[in-house]
Amino acid sequence: MHVETDVLVIGSGGAGMYAAIEAARSGAEVLLADRSLIGRGGATVMAQMTVAVALGSHTPDDWTFHLRDTLQAGRGLCDQRLSRLLCEEGPDCILQMEAWGVGWARKDGRIMAAMAPGHDRARCVYVDFLNTGPAVSKTLRAVVNKTSGIRKAGDLLITDLVSYDGEVVGATALHLASGAPITIAAKATIVATGGLTRLYRRNSASANMGGDGYALALRAGAPLIDMEFVQFFPIGHLAPRLIGMDPIMWDPFRYKLGGRLLNGLGQEFTSRYGSHEDGAYVLTRDLATYAIVKEVEAGRGSPHGGAYLSFEHCPEGDLRAAFGPVIDRLAMNAIDLTRMPVEVAPIAHYHMGGVAADARMETEIPGLLVAGEAVGGANGANRLSGNAVTEALVFGRRAGRSAAARVAGMTWQPFRPRAAEVALDLLAADGAPDAPNSADMIERLQAVMANDVGPFRTRERLERATARIDDLAGQLGERPFGDGERFDMRRIDWFDLRNMVLVARVVAQAALRRTESRGAHQREDFPRLRPEWCVNQVVRWRDACVDLVSISPIQAPAVAQ
Amino acid sequence: MTAIARLRVWRGLVPQTGQFEIYEVPFEPGQSVLDGLRWIRANRDPTLAIRFSCINANACKECMVEIDGDTAYACTARLEPREMTVQPLSNKTLVRDLVTEIAPPAERFRT
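Quick note, the sequences are listed as chains A and B, same order.
Residues are numbered in the working numbering as their position in the first sequence, beginning at 1, plus a constant of 15.
Residues are numbered in the working numbering as their position in the second sequence, beginning at 1, plus a constant of 28.
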């Protein structure tokens with residue numbers, strides 16, 4: 016089957032939905048594709064926490080202050096054009112969300128902002144209770160539904176971008192519900208597929224964030240940047256088993272109530288690692304991750320291999336005032352915070368790296384744009400709390416606008432069927448009957464990444480990981496598993512693994528080459544920041560090999576330090 | 029002895045020819061039915077079709093199935109150390125195994 020559109024948007028999280036809305040409002044016909052349901056997967060809907068934006072509604076603020084904090088957190092590696100765009104246009108996007116119906120928490124009639132680590136003032140807006148991402152997603156879904164010119168296509172797994180004459184001219188896809196191979200002709204394609212947290216065993220995002228957008232762009236010839244910088248969220252829920260809640264839920268609890276972080280012996284321990292735990296929430300993500308991992312290595316972890324987080328000193332009335340119905344959901348999981356601590360441990364949360372793009376969200380390849388977490392560079396070596404939803408909205412809107420501007424002048428479809436032949440041949444393959452268990456292969460890859468490409472790295476671990484990733488790539492082979500029937504899970508896993516293995520290899524090799532510690536990339540064999548490494552690593556896919564070169568970070572003239 | 033959950037799972041591509049398969053899953057207190065189904069995929073049969081994205085947060089609302097005859101989210105229904113029957117939604121068009129057509133018509137791909 017074949018379909019044609021002006022703008023193809025791949026992924027329907029916050030960035031993809033906003034890109035689709037903006038492109039359609041600018042006059043383009045849009046096909047909004049998602050591998051699962053429209054507006055339900057991805058990271059935005061999972062974001063229970065806050066959105067950083069310099070509204071200044073209570074404390075005076077300015078986007079340049081937000082930018083200063085963002086650049087500082089990025090440890091010298093931010094692409095300042097992108098950081099500036101994020102901070103400067105954030106307030107407008109947040110107010111647009113409000114106009115569309117997001118009920119930001121208010122105090123004295125004005126939008127309320129919370130303090131978060133790394134920000135110089137209260138700057139993080141939210142929706143109670145733990146409802147920021149769901150509220151943003153729901154609002155964007157409603158606007159998508161009201162906007163004419165957007166065709167929605169769920170159950171559509173994009174397998175490859177199609178290139179012709181040096182441009183991206185569309186994509187091939189597997190329609191999961193029917194098993195049919197699809198070609199899509201598009202004058203512009205926006206990759207809005209989110210990050211790569213699925214590469215890790217314990218992660219805070221949905222199962223469809225396996226780095227597929229990075230792999231699609233890389234195979235189409237677009238460079239990636241900063242791929243070694245994976246952000247771990249230090250206090251992801253570990254135990255007791257908790258269902259119906261996202262594992263990053265404890266962050267808002269800490270914003271509002273502080274809480275105490277304790278080791279397996281019930282002792283406060285973060286002072287050993289340079290930061291006192293005085294009941295306030297001041298500990299940055301990198302330091303907290305380090306402190307917990309080291310405490311576990313020293314044999315002082317909690318029973319499941321993390322730390323305890325305790326709110327036992329908080330009166331029940333305070334807990335209920337701060338989190339209302341969430342306390343009942345915890346009770347259904349037999350968790351009573353007034354009587355017991357929970358166990359927490361670092362969990363893969365966000366990817367700073369991504370597809371290299373300019374401030375129009377255009378990549379090096381004409382016809383290929385990118386939006387949201389799939390973009391690399393705005394956050395450098397470490398992302399501040401609250402910048403992820405901001406970039407989803409700002410970059411999504413910008414990408415939609417740029418894509419519409421590109422297609423406005425195009426009267427023809429540059430797609431050529433023969434350019435899609437190789438990708439279609441892959442979709443038509445008959446899988447081998449003796450293929451390995453694809454779901455088990457995903458778990459093995461997640462174990463390799465968690466064990467050896469986690470927050471703390473050494474040459475030995477990264478080389479071992481690279482060898483194991485190569486081994487998994489060998490088992491995966493060149494032809495898809497499965498029979499191509501409808502909802503063929505082995506085939507879905509194979510196309511996912513094809514992307515995951517490629518992106519895992521890129522992360523491991525970029526981490527191996529960076530012989531220093533900076534932000535989210537910590538090398539135990541090179542524990543210090545080295546000035547000569549104040550460079551971005553650019554990744555290209557050349558002759559089936561990962562090619563890495565270093566470039567100086569891009570400065571924006573208006574924000575020279 | 030390890031406790032076991034016996035999951036009786038409906039498998040098939042068309043309603044008339046499908047059948048139940050029984051899988052014995054190691055049981056740990058606090059697990060969800062989705063945890064059990066994911067265990068089956070990684071350890072017994074990767075072809076078992078189930079729709080989910082968020083795994084645990086009950087945010088994506090994709091894993092709706094019938095458990096012991098009642099409609100439920102597999103990610104929030106507790107796994108129990110007994111026999112449990114898991115079937116696709118009976119009021120939705122079957123795609124395969126536990127996967128049904130749950131998207132509103134306007135959100136489905138069509139040429």
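Check each hint, because a few of them may be wrong.
With a cut-off of at most 30 Å between alpha-carbon atoms, the simulated DSSO-like pairs for lysine-lysine come out as follows [claimed, not checked]: (1) A/271 with A/153; (2) B/89 with B/120; (3) A/122 with A/309; (4) A/153 with A/122; (5) B/89 with A/161; (6) B/89 with A/271; (7) B/120 with A/271; (8) B/120 with A/122; (9) A/153 with B/89; (10) A/271 with A/309.
The following residues of chain A were derived to be distant from chain B, with all beta-carbon distances above 12 Å [unchecked claim]: (11) 19; (12) 160; (13) 255; (14) 279; (15) 379; (16) 429; (17) 540.
The set of hints was computed from the structure by calculation and includes no laboratory data.
It should be emphasised that the depicted structure is a prediction, and the values quoted were computed from it without experimental measurement.
Quick reminder that beta carbons are idealized off the backbone N, C-alpha and C, glycines included.
What are the numbers of the hints the structure violates, in ascending order? 3, 7, 8, 11, 12, 13
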